[in-house]
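Student: Here's the letter readout for the chains.
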Amino acid sequence: MYSVVKAEQLADRVHELVVKAPHVARNARAGQFLIVRVDPDGERIPLTISRVDGDFVRVIFMTIGATTYRLAELTAGDMIQDVAGPLGRPSEVPRNATCAVVGGGVGIASCPIIAKTLKAAANRVIGIIGARNVDLMILEDEMREACDELFVTTDDGSYGRHGYAADVLKEVIAEEKVDYVWIIGPAIMMKVTSEVTRAPGIRTFVSLNPIMVDGTGMCGSCRVIVNGETRFACVDGPEFDAHQVDFDRLMQRQRIYLEEEREALKHHHEHRCGCSTGAHHG
Amino acid sequence: MAERSPGERILDFSEVDSGFTAEEARSEAERCIQCKKPACVSGCPVGVDIPRFVLAIAEERFDEARSTILEANLLPSVCGRVCPQETQCEGACILGKKGRAINIGALERFAADRGEGEELGTLVRAPPTGRRIAVVGSGPAGLTAAAELARSGHSVVLFESLHEPGGVLVYGIPEFRLPKSVVRREIERVLALGVELQTNTLVGRSITIEELLAYDAVFISTGAGLPSFMGIPGEETNGVYSANEYLTRVNLMGAERFPAAGTPIRRGSRVVVTGGGNVAMDAARVARRLGAKVWLVYRRREDDLPARRDEVRHAREEGIEFVTCASPVRIHGEPAVTGVECVRMEMCDLDESGRPSPRVLDGSSFLIDADTVIQAIGTSPNPLLVRLLEGVQVGRRGNLVTDENGRTSLPRVYAGGDIATGAATVILAMGAGKRAAATIDADLRDAPAH
Ligand SMILES: Cc1cc2nc3c(=O)[nH]c(=O)nc-3n(C[C@H](O)[C@H](O)[C@H](O)COP(=O)(O)OP(=O)(O)OC[C@H]3O[C@@H](n4cnc5c(N)ncnc54)[C@H](O)[C@@H]3O)c2cc1C
Ligand code: FES
Numbered sequence: 001m002y003s004v005v006k007a008e009q010l011a012d013r014v015h016e017l018v019v020k021a022p023h024v025a026r027n028a029r030a031g032q033f034l035i036v037r038v039d040p041d042g043e044r045i046p047l048t049i050s051r052v053d054g055d056f057v058r059v060i061f062m063t064i065g066a067t068t069y070r071l072a073e074l075t076a077g078d079m080i081q082d083v084a085g086p087l088g089r090p091s092e093v094p095r096n097a098t099c100a101v102v103g104g105g106v107g108i109a110s111c112p113i114i115a116k117t118l119k120a121a122a123n124r125v126i127g128i129i130g131a132r133n134v135d136l137m138i139l140e141d142e143m144r145e146a147c148d149e150l151f152v153t154t155d156d157g158s159y160g161r162h163g164y165a166a167d168v169l170k171e172v173i174a175e176e177k178v179d180y181v182w183i184i185g186p187a188i189m190m191k192v193t194s195e196v197t198r199a200p201g202i203r204t205f206v207s208l209n210p211i212m213v214d215g216t217g218m219c220g221s222c223r224v225i226v227n228g229e230t231r232f233a234c235v236d237g238p239e240f241d242a243h244q245v246d247f248d249r250l251m252q253r254q255r256i257y258l259e260e261e262r263e264a265l266k267h268h269h270e271h272r273c274g275c276s277t278g279a280h281h282g
Numbered sequence: 001m002a003e004r005s006p007g008e009r010i011l012d013f014s015e016v017d018s019g020f021t022a023e024e025a026r027s028e029a030e031r032c033i034q035c036k037k038p039a040c041v042s043g044c045p046v047g048v049d050i051p052r053f054v055l056a057i058a059e060e061r062f063d064e065a066r067s068t069i070l071e072a073n074l075l076p077s078v079c080g081r082v083c084p085q086e087t088q089c090e091g092a093c094i095l096g097k098k099g100r101a102i103n104i105g106a107l108e109r110f111a112a113d114r115g116e117g118e119e120l121g122t123l124v125r126a127p128p129t130g131r132r133i134a135v136v137g138s139g140p141a142g143l144t145a146a147a148e149l150a151r152s153g154h155s156v157v158l159f160e161s162l163h164e165p166g167g168v169l170v171y172g173i174p175e176f177r178l179p180k181s182v183v184r185r186e187i188e189r190v191l192a193l194g195v196e197l198q199t200n201t202l203v204g205r206s207i208t209i210e211e212l213l214a215y216d217a218v219f220i221s222t223g224a225g226l227p228s229f230m231g232i233p234g235e236e237t238n239g240v241y242s243a244n245e246y247l248t249r250v251n252l253m254g255a256e257r258f259p260a261a262g263t264p265i266r267r268g269s270r271v272v273v274t275g276g277g278n279v280a281m282d283a284a285r286v287a288r289r290l291g292a293k294v295w296l297v298y299r300r301r302e303d304d305l306p307a308r309r310d311e312v313r314h315a316r317e318e319g320i321e322f323v324t325c326a327s328p329v330r331i332h333g334e335p336a337v338t339g340v341e342c343v344r345m346e347m348c349d350l351d352e353s354g355r356p357s358p359r360v361l362d363g364s365s366f367l368i369d370a371d372t373v374i375q376a377i378g379t380s381p382n383p384l385l386v387r388l389l390e391g392v393q394v395g396r397r398g399n400l401v402t403d404e405n406g407r408t409s410l411p412r413v414y415a416g417g418d419i420a421t422g423a424a425t426v427i428l429a430m431g432a433g434k435r436a437a438a439t440i441d442a443d444l445r446d447a448p449a450h
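Line order of the protein sequences matches chains A and B.
Heads up: the first sequence is residues 1 to 282, going by the working numbering.
Heads up: the second sequence is residues 1 to 450, going by the working numbering.
Honestly, the hints are just simulated from the structure, not real lab data.
As the structure is a computational prediction, the values presented were derived from the model and not from experiment.
Worth double-checking, as some hints may not be accurate.
Mimicking EDC-like on lysine to aspartate or glutamate, the simulated pairs with C-alpha atoms at most 20 Å apart in a straight line are [what the hints assert, rightly or not]:
| # | chain 1 | residue 1 | chain 2 | residue 2 |
| --- | --- | --- | --- | --- |
| 1 | A | LYS191 | B | GLU236 |
| 2 | A | LYS177 | A | ASP241 |
| 3 | B | LYS180 | B | GLU341 |
| 4 | B | LYS98 | B | GLU86 |
| 5 | B | LYS180 | A | ASP39 |
| 6 | A | LYS20 | A | GLU73 |
| 7 | A | LYS6 | A | ASP41 |
| 8 | B | LYS293 | B | GLU341 |
| 9 | B | LYS180 | A | ASP41 |
Have a look at the derived ranges for each label pair, beta carbon to beta carbon [said to hold, decoys possible]:
| # | chain 1 | residue 1 | chain 2 | residue 2 | range |
| --- | --- | --- | --- | --- | --- |
| 10 | B | GLU86 | A | GLU270 | 45 to 51 Å |
| 11 | B | PHE366 | A | THR230 | 24 to 30 Å |
| 12 | A | MET79 | B | GLU302 | 50 to 56 Å |
| 13 | B | ASP403 | A | LYS170 | 58 to 64 Å |
| 14 | B | ARG309 | A | ALA76 | 55 to 61 Å |
| 15 | A | LYS177 | B | ARG397 | 22 to 28 Å |
| 16 | B | VAL401 | A | TYR159 | 57 to 63 Å |
| 17 | A | GLU270 | B | ARG31 | 54 to 60 Å |
| 18 | A | LYS266 | B | ASP403 | 54 to 60 Å |
| 19 | B | ASP304 | A | LYS6 | 54 to 60 Å |
Where a beta carbon is used, it is the ideal one built from N, C-alpha and C, also for glycine.
Take these sequences, add in the hints, and give me the full structure.
Tutor: What follows is the structure, given as structure tokens:
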């Protein structure tokens, strides 16, 4: 069992948990993820490692299905059944280059740790974070601290620049030579935004989030098509060359359990939590 | 040993039968003629003293039967249920030459299932050696090696990447063949020897290679968990599973209780399983229990099915439709499966395995109207750790190459089970774990402290 030391709501439907998990924290690096299982009957879900402090790891998630709702109910002092990780390959870290780190929505959660790691390797780091509206903007301060320059956008113009992260990225690469780009966000955002760097041929990484079970390369649930080949995102990724990813397949496979997810959420709300006893955890 | 009716079985995940009663066990055991040179023992990869435990059952000394087995085999309730006895101990039984071999598997299960905990007293631990050993992967190979090393007085850490120990025993083999409570009890026994278990720990990621090699010795038993896909068009369609994924969702995660358990599974009403081994039978029978109509498509003949004999019989009784001499060539549907196109195969010249090799019959394609496909065509050794171990000798199938005593090409690094052999059996994995443990023990005694 792993204890929650901090639980906070960061934005509309976006939550932060800090968990004591020394075995994950010790060797965790930027770009990796962990898998949590809240209760003995819980599902295993992957979450990006958003920050590491000593024995503690932070994850940030949006409430979407039953498991994330259940996670959002946790408060400091609660226990989580299982935390496994770190999983996946760490981000590739260049040196003395110019890098842009682009986060969209809850995907911003993954950005500060990457930006910080890049900065520590003597790179110039430009941050671009975008959200639908001001209520969904997260981690602006952390990103400001980690980056040499930060651009903030909202789709509806309610905060920062009016527009998409892709628009800003276009301007940035027009103005200076950018060597590497990371784009992390919803699949559709990664697909659209990575088109910006395709023609100029800028090496671009995206972090893929297909449905996973074990996260150790044993089931193939997380398979994605990269450069026409089947790869397992949990062990071969989660970061891949953006320009080789089949995003349409990814989005199609992310929807496999839409119906079941609705059913689980209904069950969760009826029972107040996802555990087998149906008891309410106060 | 009455089996439950197929109609009743497919409604739940309980075992097919409840094993021998004491009376049945005794009378089966009495048939044993106590050979002077027992062929059955040489047929057993871990060398259980079969005549001795069978005699003990015949004489109703059931506790002694159990402790006799435990001396050689720490997972007897598991082995009694899942070993391919027909090709091992029972296959070698003299009585089988003319009539019916002794049902050694059922006797083993009978003796092992009785009593709880008290046998631990018979498993002595040598005085502590001060040596620290890492065992990576808690399937049958890792469990056996860990137990043997602990008995030799070494301090053992058993790393497991999943949240539960047991490897294929917990994520692969279904409850109706191997109840989880049985596996847990046997694992408890291993841990009670003083083995320290660390779950949720993926070696290579949670533990670096440098940290791993800081142990006095390392035993790698990470299994053959990497699922193969056929590579036919349509495999990325929603509703196509590897058997590992399908079985894990149910066995490890409890998807049959969704939404009370959090993990979903497609409750396909029409399921095609491809393959013919134990894994295929298990997947087919799980799908049947989730309410599906199931076709099992296998490219060779019925007689060639590599699965345990009983599993094939049980699958057939439970209404699985066997489509032999056939092979899928394309999965139809977008975004979800709507059908599987197959072709007929004809059997040609014998290949190196002594079986006829299948060849596609031109113009024989046919469609099975299905909404779920489960591929059970094999798995290969887990590549993660193998790739990270710089300089280790790797075989053609991605397996770790070892000598007959479990040594890899790297000093102080040993391996056994499916990671070394490719997908094989529980008992072969256990045998490898036992042999490697003996090698490690001997090597460490010879070597100065690390
Ligand atoms: C569905 C199915 C049915 C089967 N039925 C039978 C049967 O009836 N009879 C029979 O004899 N055999 C059967 N087998 C085969 C048998 O289960 C295997 O041969 C046996 O389990 C191999 O044991 P192992 O210890 O080598 O590996 P596994 O049981 O595969 O265990 C390996 C363990 O290592 C863990 N691991 C992997 N990598 C790491 C890492 N880097 N760090 C930490 N942990 C790691 C895995 O999570 C796993 O728990 C079946 C297999 C399957 C899949
Ligand atoms: S999640 Fe199972 S293989 Fe990647």
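Student: It remains to establish, for every hint, whether it holds in the given structure.
Tutor: Outcome of the hint check:
As the CA atoms of LYS191 of chain A and GLU236 of chain B are separated by approximately 19 Å, the hinted pair is consistent with the 20 Å bound. Restraint check: the Cα-Cα separation between LYS177 of chain A and ASP241 of chain A comes to about 19 Å, which is no more than 20 Å; the hinted pair holds. Between LYS180 of chain B and GLU341 of chain B, the direct Cα distance comes to roughly 36 Å. Violation of the 20 Å bound is thereby established for this hinted pair. Between LYS98 of chain B and GLU86 of chain B, the direct Cα distance comes to roughly 15 Å. Compliance with the 20 Å bound is thereby established for this hinted pair.
With a C-alpha separation of about 18 Å, the suggested pair LYS180 of chain B and ASP39 of chain A falls inside the 20 Å cut-off, and the hint holds. Between LYS20 of chain A and GLU73 of chain A the alpha-carbon distance is near 17 Å, which keeps this suggested pair within the 20 Å criterion. Note on LYS6 of chain A and ASP41 of chain A: the hinted pairing is violated, with a Cα-Cα distance of about 23 Å set against a maximum of 20 Å. Taking the CA atoms of LYS293 of chain B and GLU341 of chain B, the gap is near 17 Å; set against the 20 Å cutoff, the hint holds.
For the proposed pair LYS180 of chain B and ASP41 of chain A, the alpha carbon gap of about 15 Å is at most 20 Å, so the pair holds. Range check, GLU86 of chain B to GLU270 of chain A: Cβ separation about 49 Å, and the 45 to 51 Å hint holds. In this structure the hint that PHE366 of chain B and THR230 of chain A lie 24 to 30 Å apart at CB holds, the actual value being about 26 Å. Between MET79 of chain A and GLU302 of chain B the Cβ separation comes to about 51 Å, which falls inside the hinted range of 50 to 56 Å.
Checked against the given bound of 58 to 64 Å, the beta carbons of ASP403 of chain B and LYS170 of chain A, roughly 60 Å apart, stay inside it. A hinted range of 55 to 61 Å holds for the C-beta pair ARG309 of chain B and ALA76 of chain A, which are about 56 Å apart. One distance hint, 22 to 28 Å for the beta-carbon pair LYS177 of chain A and ARG397 of chain B, is violated here, with the actual separation near 46 Å. Evaluation of the 57 to 63 Å hint for VAL401 of chain B and TYR159 of chain A yields a pass: the beta carbon distance comes to about 59 Å.
Separated by about 57 Å at the C-beta atoms, GLU270 of chain A and ARG31 of chain B satisfy the suggested range of 54 to 60 Å. Between LYS266 of chain A and ASP403 of chain B, the C-beta spacing of about 57 Å keeps the proposed range 54 to 60 Å intact. Between ASP304 of chain B and LYS6 of chain A the beta carbons are some 59 Å apart, a value that agrees with the proposed interval 54 to 60 Å.
The structure is inconsistent with the numbered hints 3, 7 and 15, although it conforms to all the rest.
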